[in-house]
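Engineer: Each chain is listed here by its residues.
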Amino acid sequence: MNKLIPILFLVSFCVHAQNTEKIIARQGNVAFFSYTSVENIKAQNNQVLSIIDLSSGEIAVNILMNAFVFEKALMREHFNESYIESDIYPKATFEGTISDFDTSQSEPHTRIVKGTFTMHGVSKTLDIKTKIEKIDGKYILTGTFEAVVKDYDIKIPPLLAGNIAKTISVDFRFEYDPYDS
Amino acid sequence: MSKATPEMSISAENLLAQLKDTTTQLTVLNTEEVVEIHGVIKEINTLNGRETLILQGGTEMKSYIICDMKAGQTETLNQLHEKDSITLKGIYKGFLKDAIFLNCVLTRTHQP
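Taken in sequence, the protein lines are chains H and D.
Take the first sequence: its letters are residues 4 to 184, numbered as in the numbering used here.
Take the second sequence: its letters are residues 203 to 314, numbered as in the numbering used here.
Simulated from the structure, these hints should not be mistaken for laboratory data.
There's no promise every hint is true.
Stated by the list, open to error - Below 25 Å or equal to it, Euclidean Cα-Cα: the simulated SDA-like pairs (lysine to any residue) are:
| # | chain 1 | residue 1 | chain 2 | residue 2 |
| --- | --- | --- | --- | --- |
| 1 | H | 169 | H | 41 |
| 2 | D | 244 | H | 182 |
| 3 | H | 94 | D | 286 |
| 4 | H | 94 | H | 112 |
| 5 | D | 264 | H | 57 |
| 6 | D | 244 | H | 151 |
Unchecked claim - Computed list of chain D residues with no C-beta within reach of chain H, every gap over 12 Å:
| # | residue |
| --- | --- |
| 7 | 210 |
| 8 | 212 |
| 9 | 249 |
| 10 | 254 |
| 11 | 287 |
| 12 | 289 |
| 13 | 300 |
Even for Gly, the Cβ is constructed at its ideal location relative to N, Cα and C.
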């Protein structure tokens, strides 16, 4: 029994340490912009989930596609029903790793996040330049990347082709808290 | 939204328990349905410039109800505090780690 106590202590410590090494953003912000001469379209999602494992630098992002807020209801309808088909593909995901992630670095710095972005049932490998800040002990990740509409098998009707940019700009901002899983 | 008839009226704790249960999560409610939820406020924040109200999910629960509030309720929200009991309505968008609701409106507060 006496021999078991240090083992149990070690297991308990390891489980605790593992939990505290993860951080979570439950209200991540992802915004996309489409600029054309016909019209500009902007939409935001403020409930994007992201979890980072600080020990490995692994990052996961989960986006509910029907939670994007548009300026016009018709834009939202077209986005969900015709382009993204959010009833069939309700989520977009990103799974990747922050290159050379160093938790001891307290100054703002930039890293490449390499991973797979899946949207509309299509997966693409992306390298995303990401700013990492640590403010009041909280990690904040921000960045921008571009998504080519045709890469994700999103079909735009010829009549509306001039209204939607061929490349969509995507901005993100995640503010993380400790993850008590 | 304030006049919309909810598809169901349920406590935050019960709703999250059903959404986390793999046997009931697909049948409990559909996305885009209006739901009335009773719960206790965990947090009120304005992250990313949005007024958001987060409801507790229960003592053992690590999931919450995240409600993105419809505009025009700032004065009412300013009078609320953590641990207040409230009832609100919102449009269900789906479940990640938490249940997500948009266009939420407060329908009742049960302050002590």
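Engineer: So, for every hint listed, does it hold in this structure?
Structural biologist: Structure-based check of each hint:
no., hint, verdict
1, 169(H) x 41(H), "13 Å, holds"
2, 244(D) x 182(H), "16 Å, holds"
3, 94(H) x 286(D), "33 Å, violated"
4, 94(H) x 112(H), "30 Å, violated"
5, 264(D) x 57(H), "20 Å, holds"
6, 244(D) x 151(H), "39 Å, violated"
7, 210, "19 Å, holds"
8, 212, "20 Å, holds"
9, 249, "5 Å, violated"
10, 254, "6 Å, violated"
11, 287, "22 Å, holds"
12, 289, "21 Å, holds"
13, 300, "6 Å, violated"
Hint violations for this structure: numbers 3, 4, 6, 9, 10, 13, all remaining hints satisfied.
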